[in-house]
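Trainee: Sequence:
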Amino acid sequence: MVTQARPAAAPGALDALSVTLRRRERAENFPVALRVLPAALRADLRAVYDVARTIDTIGDELDGNRIALLDAYEADLLTIWSGRQPVLAVNRARSE
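Here our numbering is used: the first residue of the sequence shown is 988, the next is one more, and so on.
Please keep in mind that the hints were generated in silico from the structure rather than gathered at the bench.
Careful, some of the hints might be misleading.
As the list claims (entries may be wrong) - So the derived label-pair ranges between C-beta atoms look like this:
{"hint": "1", "residue 1": "D1043", "residue 2": "V1019", "range": "16 to 22 Å"}
{"hint": "2", "residue 1": "A1055", "residue 2": "R1010", "range": "20 to 26 Å"}
{"hint": "3", "residue 1": "A1020", "residue 2": "D1047", "range": "20 to 26 Å"}
Even glycine gets a Cβ: it sits at the ideal position worked out from N, Cα and C.
Hey, can you work out the whole structure from these sequences and the hints?
Mentor: This is how it looks when you write it as structure tokens:
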């Protein structure tokens, strides 16, 4: 298993992504897709959507060192997969 240290501090640019994700979700057809799935799968699909959308937003829209931001995001995902609480707000929204 690959382990990485948790980010010392969540990069500020990543902290607001959970708000951005919800705003974009409302502007897309994604909520419609959720309604046709069984309830047991909805949370999992939304989590996958959040990860994909976050990576896309970091790569296309955020200012600053995008590689460092992607590295911080990856490190935070690894904390979830290792059973610990994530640091970044965008990941905490789905793990609580």
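Trainee: Against each hint, give a clear statement of whether it holds in the structure.
Mentor: For each hint, the structure was consulted:
no.	hint	verdict
1	D1043 to V1019: 16 to 22 Å	holds, 20 Å
2	A1055 to R1010: 20 to 26 Å	holds, 25 Å
3	A1020 to D1047: 20 to 26 Å	holds, 22 Å
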